[in-house]
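Chemist: Chain by chain, the residues run as shown.
There are 2 protein chains.
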Amino acid sequence: MEKLTVLKVGGAVVEDTQALDAFLTGFAAMPGLKVLVHGGGREATKVAAQLGIQTKMVDGRRITDADMLRVVTMVYGGLVNKGVVAALQARGVNALGLTGADLGCMLAVKRPVKDIDYGYVGDMQKVDTSILADLISRGVVPVMAPLSFDGKGTLLNTNADTIASSVAKALAERFEVTLVYCFEKAGVLKDPDDDASVIPLITKESFAGLASDGTVSGGMLPKLQNAFEALESGVKEVRITKADAPESGTRIVL
Amino acid sequence: MEKLTVLKVGGAVVEDTQALDAFLTGFAAMPGLKVLVHGGGREATKVAAQLGIQTKMVDGRRITDADMLRVVTMVYGGLVNKGVVAALQARGVNALGLTGADLGCMLAVKRPVKDIDYGYVGDMQKVDTSILADLISRGVVPVMAPLSFDGKGTLLNTNADTIASSVAKALAERFEVTLVYCFEKAGVLKDPDDDASVIPLITKESFAGLASDGTVSGGMLPKLQNAFEALESGVKEVRITKADAPESGTRIVL
Chain G
1 MEKLTVLKVG GAVVEDTQAL DAFLTGFAAM PGLKVLVHGG GREATKVAAQ
51 LGIQTKMVDG RRITDADMLR VVTMVYGGLV NKGVVAALQA RGVNALGLTG
101 ADLGCMLAVK RPVKDIDYGY VGDMQKVDTS ILADLISRGV VPVMAPLSFD
151 GKGTLLNTNA DTIASSVAKA LAERFEVTLV YCFEKAGVLK DPDDDASVIP
201 LITKESFAGL ASDGTVSGGM LPKLQNAFEA LESGVKEVRI TKADAPESGT
251 RIVL
Chain A
1 MEKLTVLKVG GAVVEDTQAL DAFLTGFAAM PGLKVLVHGG GREATKVAAQ
51 LGIQTKMVDG RRITDADMLR VVTMVYGGLV NKGVVAALQA RGVNALGLTG
101 ADLGCMLAVK RPVKDIDYGY VGDMQKVDTS ILADLISRGV VPVMAPLSFD
151 GKGTLLNTNA DTIASSVAKA LAERFEVTLV YCFEKAGVLK DPDDDASVIP
201 LITKESFAGL ASDGTVSGGM LPKLQNAFEA LESGVKEVRI TKADAPESGT
251 RIVL
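Residue numbers (the working numbering), protein chains in the order written: chain G, 1 to 254; chain A, 1 to 254.
In isolation and in its complexed conformation, chain G is listed as follows (with noise of 0.2 Å):
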């Protein structure tokens, strides 16, 4: 099988032209097949209060409210994902941009509400790679930004995250898949306050240990549970690293 990267970029190098147009030129040297996956979460923020309306979060997350949706398919759908697109393309990249609702590409359920209404947020439930298989054997690098869609007429706000994960699982039946996760830090770190303690390798056995002795811990649990997941799922690899390292960082694996 074919080599394939996936790799989700945050929105905090997406709204900093410096450091976005840092990371498109590495992603653009990066040999290989590739699916670039973004955020965009301040963007929003801003556009949403310049046009006066309020982000009401809950948990970090989201609530998307029919107003909120029209901000995300305007800034996720268009100013981020097309400006990326966009950027790439002039790196010799063959960018293009989609939302769950192109090509019917990524499926989701509309969270049902239990304690909290997130609005119109997706739960993710089917990536369908039929032609989007076919366009990255072509070279073409899809450029999704982070938005579901219902089936029915309406788009759902998904976390990068999990469209990320989910993209990576479906692709790989067709590809030897590595999934990475470009945050702020360069990797998984034993020191949170020192880059340089990065641990390079982690295994299913080593991060069982990682997490007793409370070496991993908070925000990182879950995003290496969700790793071993896509793993599980036939990943090859995880990567967790700096977004302008995207070939060095924490290795994960089986």
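There could be a bad hint or two in this list.
If several chains are the same, the list does not tell them apart, and a pair holds so long as it fits within one copy or across any two.
Taking lysine-lysine and the BS3-like style, the derived pairs with C-alpha atoms no more than 30 Å apart in a straight line are [as the list claims (entries may be wrong)]: (1) 242 with 56; (2) 204 with 223; (3) 152 with 242; (4) 152 with 3; (5) 152 with 110; (6) 56 with 114; (7) 46 with 110.
By construction, these hints were calculated from the structure, which means they are not laboratory data.
Fair warning: this is a prediction, and the values are worked out from it, not measured in the lab.
Position chain A against the provided structure of chain G, taking the given hints into account.
Modeler: Relative to the frame of chain G, chain A by itself:
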């Protein structure tokens, strides 16, 4: 060659939810391969106003400064394009939203400044159909936003009529193309106030007569001149009609 319809629908239909729903239901039911090109001018004006950005028009053309380029990228590339794609997918059409940057499919040059600086406005240069034509053959329906690309990282604002004729001409090398302009009247009318006075067929010969005796005048003259230009570039037939009746109206042939 297989038949293909390239259909352009204007901003007035796109921003009216009911009219758009009716139009998209009709479009989805149209048999055969197809491409949709949409406008969206007034929606951009509305969002710009909400953001405190003033819309400047010269001779009916939007001046696109950096702020307005952000707005049209959000509105044309995000809000309108993805809304149309989602609505078509819900109707069983495998739609794919595109700007000129996606797949590098619509290259343009920034309009040179003469008397007026139109800003980020693009004059169409090349439509790359290499991947596009294959997708169309597989039943994908491209939904094109009125945004072209300079190849150097910048999207450009381009009139949707121009996008439609450029796309139709380029695809005429691979398909037998009918180019349909949907607008608010039933076709080219003998009496502009009477929708029943549609001229069913205009040829190059009859056009000369209609122009010289004043039956066709004003804004319809350049529309028809563009139609003949498209026909001379390989498009098989041009039709000017109402959005809710894309298969009637005025047929224009050489």
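Chemist: Determine for every hint whether it applies to the structure shown.
Modeler: A quick look at each hint next to the structure:
no., hint, result
1, 242 with 56, "within (29 Å within a copy, 43 Å between copies)"
2, 204 with 223, "within (13 Å within a copy, 66 Å between copies)"
3, 152 with 242, "between (37 Å within a copy, 27 Å between copies)"
4, 152 with 3, "between (34 Å within a copy, 29 Å between copies)"
5, 152 with 110, "within (11 Å within a copy, 38 Å between copies)"
6, 56 with 114, "within (17 Å within a copy, 47 Å between copies)"
7, 46 with 110, "both (25 Å within a copy, 29 Å between copies)"
Violated hints are absent here; each numbered hint is respected by the structure.
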